[in-house]
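Go by the hints and put chain B onto chain A.
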Amino acid sequence: MFETLLDDIAQNSTFRHIHPGTKILLGLGSLLICLVSPTPVVPLLSGIILSGVLLIPARVSPLVYGELLFAPVVFTAFSIIVLLFMLGGGDVVWRFSPVSWINLTITENAVKQSELILFRVFGCTVSLFFITLTTPMTDLFNIMKRCRIPPELIDLMMIMYRYIFIFYEQAREIWQAQVMRLGYGRVKESIHSFSQLCGMLFISSWIAGEDLIRAMDCRCYNGIMPTLEAPEPIKMQSLIPVVVYLSGLGGILLVITTGIVVVP
Amino acid sequence: MKIILEARDVRYRYPGNQEAVKGISFHIKPCEKIALVGPNGAGKSTLLQMFNGMIRPTSGTILFDNEPVRYDRDALRQLRRRVGFVLQNSDRQIIAPTVYQDVAFGPANLGYDEPAIHNAVALALRQVGLEGFERRPPHHLSGGEKKRVAIAGVLAMDPDVLVFDEPTSGLDPSGSEDLMELLDELNHEGKTIIISTHDVELAYPWADRAILLLDGKILEEDVPDVAFGNLDHVRMAHLSVPTLLELSTELSKRGFALPDRKPRSVLDMVHIIESHLHGSCSHPAPGTITVCNVDEGETSSLPVWVNARPGIIVGAMGTRAKQCAAKEQLAPEFTYGVIDKCILRALRGQDSLILTTSGMAGRVVTRVDAYCKESGNTIRVLPFRSSGQHTSAEKENDKV
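Protein sequences appear in the order of chains A and B.
According to this note's numbering, the first sequence holds residues 1 to 264 in order.
According to this note's numbering, the second sequence holds residues 265 to 664 in order.
If you're looking for bench data, these hints aren't it; they were derived computationally from the structure.
Every residue gets a Cβ at the ideal spot worked out from N, C-alpha and C, and that includes glycine.
Worth double-checking, as some hints may not be accurate.
To be verified - Below, computed lysine to aspartate or glutamate pairings styled on DMTMM-like, alpha-carbon distance capped at 20 Å: (1) A:Lys145 <-> B:Asp377; (2) B:Lys286 <-> B:Glu514; (3) A:Lys145 <-> A:Glu232; (4) B:Lys286 <-> B:Glu296; (5) A:Lys145 <-> B:Glu395; (6) B:Lys586 <-> B:Glu395.
As the list claims (entries may be wrong) - Selected chain A positions facing chain B (in silico; Cβ < 8 Å): (7) Thr138; (8) Tyr161; (9) Ala208; (10) Ile213; (11) Arg214; (12) Met216; (13) Thr227; (14) Leu228; (15) Tyr245; (16) Leu246.
Claimed, not checked - If you anchor each label on the Cβ, the simulated ranges turn out as follows: (17) B:Glu538 <-> A:Ser204: 54 to 62 Å; (18) B:Arg390 <-> A:Ser204: 43 to 51 Å; (19) A:Asp211 <-> B:Lys481: 21 to 29 Å; (20) A:Ser204 <-> B:Ser406: 16 to 24 Å; (21) A:Asn12 <-> B:Glu283: 47 to 55 Å; (22) B:Gly375 <-> A:Ile80: 38 to 46 Å; (23) B:Ser433 <-> A:Ile203: 21 to 29 Å.
Same shape as in the complex, but just chain A (with noise of 0.2 Å):
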């Protein structure tokens, strides 16, 4: 259900009436600073307070974000793990040599590395999140549209959108059917039910593709896919804020990378 969980959420924000532009801006913004920052102090700070604008002003549920959060913390573990013994440089801090041939060394440069990526990971994560999390997918469109992006793929993208909770609904379905006559018992029956849901899925979606174009002939297809306008304009009482949080993002990376004060 984490699909259209993550579209409710965007749907039922209380950020929905601001303008998706400066939510983007805010979004974007944030995660170029953490991508090009040298220090993980930005990106740490971007992220916690974003995560802060999420749960508190935006009422995003801290169990949900939690469990959001949680599939690329832990992926984002793993390679840690091992990007702390594949890269070098430095000092030895640690190491781990129970055989001659056996060399497992962590240096401080790898530490240092590895915890920028980690941060960096985290920030830009957020960053995302605060997009997915305020801006529903029919608001993005919209902004697709202003920055020229051919109509054509728009108006695919739109109906696309349509159909992926009609179809997953109907692969739930599906699903349950075969499930409630133990279609998924022994890993053979698994493979041959999964194979006959895609079948049937494939089918499905191209009887509804079929429907499609006539239901868009029933109703005058002329070539136009209508928009939706953004909520309300842009307004500076959200604009402002969003600009004054970039900039002040911007100056601490600044003022960390010119070294005026230094981070140990």
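Same frame as chain A, but now just chain B:
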């Protein structure tokens, strides 16, 4: 006689199959309510799809507005603008990712400019009672709401004829009743409405004319009490006789002298039974029916007005009236067949209040008058006035 849609000996054969429609001819007048009734595979859907040119008959002609339908692109677009088609499965009809975009689909493709699209969408959503749903994605809506979005999408093109394939399938009983009420409302705004259905109980009181289809042919085409009254045909078409009709047949077989006109509603039936038991049941003085038009005048005094009259029954007729009732936190007892039910209550001596919309306000008076004339009862219909005014009006009435 004006005719809006006509079929002349139309036939249709699906590729490689046997004929689905085997020579059907009929005509439909403007503002009629037609129910196409028949078992599965009778050719109902096929026939319906001919009305807006989705299916081209193999032989025979369909005439719209006395002109044979032409099947070139532009002519078809014109036809489809004027004959709106609502599919059985709303999920298959709703194309766009938000309600606004979906309802705007027709007008945008017809080349309306931005403000005109906006107006058309606002009006259509108002007609189906979904104002404020513009930004909602369809997968967040209930079955009934999806159906309404599908209807709004068609209404936005302002068609003359609305064709519904199984409009109540998949809706719960109250959802079906709401939908039939909406169809009545649209019919009252001047739209011709054609539905296909299996639901005899729903079609019987609703339709002006019923067409029974079986095996690609018309079995019977008449007013509902005649069409559904032919037991052989009803059995052949795998349908059931409406309860009211069955009851009246049983009664007449038991020697009750019944009027020629068959009962169409519970009210008719009650009237028939009571006229037989004349004298043996006592009647209190009939109650009054107050009509409040929610489109005109202020409605904020409604709760006070209702609270001042304990025991009053509230009925809401039409989408906006129901919304108004919800807004004023009134719980209407009736939302379907409101006038008849209020007359029934009035006969038992209870007062009622009907919330209604401009388009349907006149209907209350017409219906009550017609009933009074037929039955010889007198039921007073009063216009709604906010508290202070009304008491004085009532006093005047008392004096009279």
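For this session: With respect to the beta-carbon atoms only, verify the hint that serine 433 of chain B and isoleucine 203 of chain A lie 21 to 29 Å apart.
Result: holds (22 Å)
Exercise. Does the hinted range 38 to 46 Å hold for glycine 375 of chain B and isoleucine 80 of chain A at CB?
Worked result: Between glycine 375 of chain B and isoleucine 80 of chain A, where Cβ atoms are some 58 Å apart, the hint is violated.
For this session: Double-check methionine 216 of chain A for me: the hint is only fine if its C-beta lies closer than 8 Å to a C-beta in chain B.
Result: holds (6 Å)
Exercise. Is lysine 286 of chain B close enough to glutamate 296 of chain B, meaning Cα to Cα at most 20 Å?
Worked result: Status violated; Cα separation ~24 Å.
For this session: May I ask you to test the interface hint for arginine 214 of chain A with respect to chain B, counting a Cβ-Cβ separation under 8 Å as satisfied?
Result: Because about 6 Å separates arginine 214 of chain A from the closest Cβ in chain B, which is inside the 8 Å limit, the hint holds.
Exercise. Does the Cβ-Cβ separation between serine 204 of chain A and serine 406 of chain B fall within 16 to 24 Å?
Worked result: Holds, at about 22 Å.
Exercise. With a cut-off of 8 Å, does the beta carbon of threonine 227 of chain A approach a beta carbon of chain B closely enough for the hint to hold?
Worked result: holds (7 Å)
Exercise. Should the hint that glutamate 538 of chain B and serine 204 of chain A are 54 to 62 Å apart at their CB atoms be regarded as holding?
Worked result: holds (55 Å)
Exercise. Regarding the hint that isoleucine 213 of chain A lies at the interface with chain B, is the smallest CB-CB distance below 8 Å?
Worked result: Given a least distance of 10 Å, the restraint on isoleucine 213 of chain A is violated.
Exercise. Would the hint on leucine 228 of chain A stand, with a C-beta cut-off of 8 Å toward chain B?
Worked result: Result: holds, 5 Å to nearest chain B Cβ.
For this session: Check the following: the C-beta atoms of asparagine 12 of chain A and glutamate 283 of chain B are separated by a distance inside 47 to 55 Å.
Result: 52 Å Cβ-Cβ, so the 47 to 55 Å window holds.
Problem set entry | Pairwise hint evaluation, glutamate 232 of chain A against lysine 145 of chain A, where the allowed Cα distance is 20 Å at most | holds (16 Å)
Violation of the numbered hints given earlier is confined to hints 2, 4, 5, 10, 15, 16, 18 and 22; the remaining hints are satisfied by the structure.
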